[in-house]
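Asker: From first to last, the protein sequence lines are chains E and X. For the first sequence, the numbering used here begins at 1 and goes up steadily by one. For the second sequence, the numbering used here begins at 424 and goes up steadily by one.
What the hints contain is simulated information worked out from the structure, not anything from laboratory work. On a predicted model such as this, the values are computed, not experimentally measured, just so you know. Don't take each hint at face value.
[Stated by the list, open to error] Each computed BS3-like pair below joins lysine-lysine, with the alpha-carbon atoms no more than 25 Å apart: (1) X/Lys481 - X/Lys586; (2) E/Lys70 - X/Lys555; (3) E/Lys70 - X/Lys586.
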Amino acid sequence: MNPDCPLEEHVSRRALLKGVLATSSGATVANWGGLFASPARAEEVKQNQKRCILLWMNGGASQFETFDMKIGRPNGGPFRPISTNVASTQVCELLPKISQQMDKLTVIRSMHTSQIDHPQGIHLMHTAYSEAANIRFPEFGAVIAKSLGHVGSSLPNFIKIGSNGDSGSGFLGPKYQPFTMSHDGRLPTFAQSSLAPGIESRRNELRQFVEDQYAVKHHVETAKMHREAYERARRLQSALKTFKIDDEWAKYESLYGDSFFGRNCLLARQLVEAGVPFVEIGHSGYDTHADNFTGHKGLLPPMDQGWAGLLTDLHERGLLANTLVVWMGEIGRTPQINNRAGRDHYVRAWSTALAGGGVKGGYVHGATDQDGRDVTSGEVKEGDFFATIYQALGINPSTEHFAGSRPVPIAPFGSKVVRDLLV
Amino acid sequence: MPDYVADKIKPVWKLPFEGAWPVAVSFADSSSRVIAANQDGVMVQWQLPETPVAAKVKDENGKEIDGFETPLPTRQLIGHANTVTQIVPSANGQILFSASYDRTVFAWDLNATPSSESELVVDRDTRERAAKRVEAKKRPEILDAPGVKLASIAPVNTLTGHKDWINALDLSRSGDRLISGDDSGLVIVWDAKTRQKISSWQCPGVAWIVAAALSPDGQTAVISQYRRKGGDFNNYPAGLRIFKVADGSVLLDVLATLYPKEKNPPYQYQYAYHEFVADGLVALAFSPDGKLLAAGQGGEGGGGKIHFLETETGKVVRSVTGHKYGVTDLLFTADGKYLFSAGRDTRFRITRVEDGGEVAVIGKERGGQFTDWLASIALSPDERRLAAADISGFVQVWDLG
Numbered sequence: 001m002n003p004d005c006p007l008e009e010h011v012s013r014r015a016l017l018k019g020v021l022a023t024s025s026g027a028t029v030a031n032w033g034g035l036f037a038s039p040a041r042a043e044e045v046k047q048n049q050k051r052c053i054l055l056w057m058n059g060g061a062s063q064f065e066t067f068d069m070k071i072g073r074p075n076g077g078p079f080r081p082i083s084t085n086v087a088s089t090q091v092c093e094l095l096p097k098i099s100q101q102m103d104k105l106t107v108i109r110s111m112h113t114s115q116i117d118h119p120q121g122i123h124l125m126h127t128a129y130s131e132a133a134n135i136r137f138p139e140f141g142a143v144i145a146k147s148l149g150h151v152g153s154s155l156p157n158f159i160k161i162g163s164n165g166d167s168g169s170g171f172l173g174p175k176y177q178p179f180t181m182s183h184d185g186r187l188p189t190f191a192q193s194s195l196a197p198g199i200e201s202r203r204n205e206l207r208q209f210v211e212d213q214y215a216v217k218h219h220v221e222t223a224k225m226h227r228e229a230y231e232r233a234r235r236l237q238s239a240l241k242t243f244k245i246d247d248e249w250a251k252y253e254s255l256y257g258d259s260f261f262g263r264n265c266l267l268a269r270q271l272v273e274a275g276v277p278f279v280e281i282g283h284s285g286y287d288t289h290a291d292n293f294t295g296h297k298g299l300l301p302p303m304d305q306g307w308a309g310l311l312t313d314l315h316e317r318g319l320l321a322n323t324l325v326v327w328m329g330e331i332g333r334t335p336q337i338n339n340r341a342g343r344d345h346y347v348r349a350w351s352t353a354l355a356g357g358g359v360k361g362g363y364v365h366g367a368t369d370q371d372g373r374d375v376t377s378g379e380v381k382e383g384d385f386f387a388t389i390y391q392a393l394g395i396n397p398s399t400e401h402f403a404g405s406r407p408v409p410i411a412p413f414g415s416k417v418v419r420d421l422l423v
Numbered sequence: 424m425p426d427y428v429a430d431k432i433k434p435v436w437k438l439p440f441e442g443a444w445p446v447a448v449s450f451a452d453s454s455s456r457v458i459a460a461n462q463d464g465v466m467v468q469w470q471l472p473e474t475p476v477a478a479k480v481k482d483e484n485g486k487e488i489d490g491f492e493t494p495l496p497t498r499q500l501i502g503h504a505n506t507v508t509q510i511v512p513s514a515n516g517q518i519l520f521s522a523s524y525d526r527t528v529f530a531w532d533l534n535a536t537p538s539s540e541s542e543l544v545v546d547r548d549t550r551e552r553a554a555k556r557v558e559a560k561k562r563p564e565i566l567d568a569p570g571v572k573l574a575s576i577a578p579v580n581t582l583t584g585h586k587d588w589i590n591a592l593d594l595s596r597s598g599d600r601l602i603s604g605d606d607s608g609l610v611i612v613w614d615a616k617t618r619q620k621i622s623s624w625q626c627p628g629v630a631w632i633v634a635a636a637l638s639p640d641g642q643t644a645v646i647s648q649y650r651r652k653g654g655d656f657n658n659y660p661a662g663l664r665i666f667k668v669a670d671g672s673v674l675l676d677v678l679a680t681l682y683p684k685e686k687n688p689p690y691q692y693q694y695a696y697h698e699f700v701a702d703g704l705v706a707l708a709f710s711p712d713g714k715l716l717a718a719g720q721g722g723e724g725g726g727g728k729i730h731f732l733e734t735e736t737g738k739v740v741r742s743v744t745g746h747k748y749g750v751t752d753l754l755f756t757a758d759g760k761y762l763f764s765a766g767r768d769t770r771f772r773i774t775r776v777e778d779g780g781e782v783a784v785i786g787k788e789r790g791g792q793f794t795d796w797l798a799s800i801a802l803s804p805d806e807r808r809l810a811a812a813d814i815s816g817f818v819q820v821w822d823l824g
């Protein structure tokens, strides 16, 4: 799909015919408007729109305690592998639920990235670029919002639940800035008006009048952006119910697990189903310089259940084929175990995982040596990783946006799409 | 029983046990028989001389100094397939119990006739360092040199029923009951002689059992739970409860007694809770008369406090500080006058129970910014020797004077 041409402007021949047949007069042209608002159209958009959910393991989950175990090696750790629903593929025993979703996953065991500390790594793995003094790179959530989002949607196009990273929309501007919720699912204060609807409406009319008067005399971009932001916040009021999962929770608790992460996964499913193209969920605590093993033993089970529940739910609703679920943190962890029973930062060889839209299931890409110190095959650098994500989502990785007059491709120059893992 | 004086406490041996970290240690029936276990599940026994034999040994910088001949292990206890977390001897020291991440408790007859012979490399790290200093073609000669030949024994009993890592194991001072607890919250009390289950119960919540201790008469048990919260709702990450062994009923919920939530605004509750539990109360010990309980803060965030509590009421008698990072192990002497503690600061400390006074701080910090741990300590039956499992790859043996 051409990212500059939103989905609303396209419709398949089948949907067109459905729309025509649905009108008694057969007046095709007269029915365009009705066609776009029809259930058939809505269902098609729902099924075919590409979306992305990022599960962000803040601090850097250990590849040795998840997808690249080194059993029997001196620093392999105490966990044991378990079989998955894909023959000859094993994962850590801390991922029993995901082990049964392995047929939906592509695991990349051969990440090799360039930023070893958290702030720089978080920036890198949210933007595909290292930090630069003279340019604010947008997070890939903002790029996807721009490419796949709906202008005029009541819902934000880029939502972060449990904020990680502060690059936001970067030079793409405030239009694509993330809508950030707290890790326990609370909305930002601006999202809900404390005023009675009548009062709020009158205030809005007054604000519009003042802004109209101002706009006649001052043609400034910031005023326009402020007005747009205000409008988006007002539109959001009509969609707030999409952020509520309490009514659904009893039904889904056993699937997603009784945790903040599990609830946030259900919320993410609800949001992408409603048309939000990008949702990020943060899960913190993986920076296990001390007590790495008990740390992962505490963190991974609720994450495992939430993630597996999300994949199951997306699959059962027919959404997984067009929803790319990305699992990663900013770094991996060292093969060495330090004298605090911890693993430190490591970026020479670590793991990420993808599932759903555009990628193969039951596939393991790349390999590391016997101690997990170096990539031995299928190296994937950060640029390659993001180029592949964009490609899977139908976005040309060579697409350029402009920071002032400077063209900036969404995946850095020289990045290669890892075609082996794409369907 | 001895009184301890810091100046008279001297190191005797550093028994090499390199490779995976040594994390559990115990004496058996005498001050000459030491057993240690590591994170790979390897268990070995040393037969120490009654009197150390003088010899030149190398210090940590490789310099020759006066010391004692280093005994090599004589026996291997083969069975565990993952980290051994605790080893405790029976009352007469002839039987040893061990608990592991492999979800089993083994009973070992230390006098059993060896069933086979094994070979074990106990100086792997030393070999690897030496190999780095020679040309490549000579490295195999060093790395692949024969290990120590050991007589091997197998466990006489396997105590099954646990569903997750077993971190807690303790024998009552009466010697007839054994308790084990795992990360699923399951507690099992065993008859130490028949090795049959007496009772079992499931602890509340999802927190792991990180320590357990039986009262001297084996009728009550104290269980410490802790878990990184990991996003779970409505579950405190810790618990400290005293249970009736017969039926697993809760006799005292110590944390609920100390920090009744309704009496404190939430932030105060969280703060107090953090101060008391910190990164988990990972070491527990009953005083020999059963009236006091010692509980040590583990991990790295809590400062390694040791709380002394009345077992009847849960009231904190005092809390003592000293270990720079977390406490790893606690032992009362048989007369109840002293408490030995080991920590993540490469030290063991002796505390006078009566007033919490510091009697001795032994060892020095080692390991750099973050120090090596003494993961476990044990007192010999005559309380004249102490053994410590040192994660840098050996078992320290000290003469306590």
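Asker: Now, for every hint given, state plainly whether the structure supports it.
Answerer: Right, here's what the structure says about each hint:
1. Simply put, X/Lys481 and X/Lys586 have alpha-carbon atoms about 45 Å apart, too far for the 25 Å limit, and the pair is violated.
2. Between the alpha carbons of E/Lys70 and X/Lys555 the distance comes to roughly 23 Å, so the proposed pair stays at or under 25 Å and holds.
3. For the suggested pair E/Lys70 and X/Lys586, the alpha carbons sit about 23 Å apart, so the restraint of at most 25 Å is met.
Violated hints amount to a single one, hint 1; each of the other numbered hints is respected by the structure.
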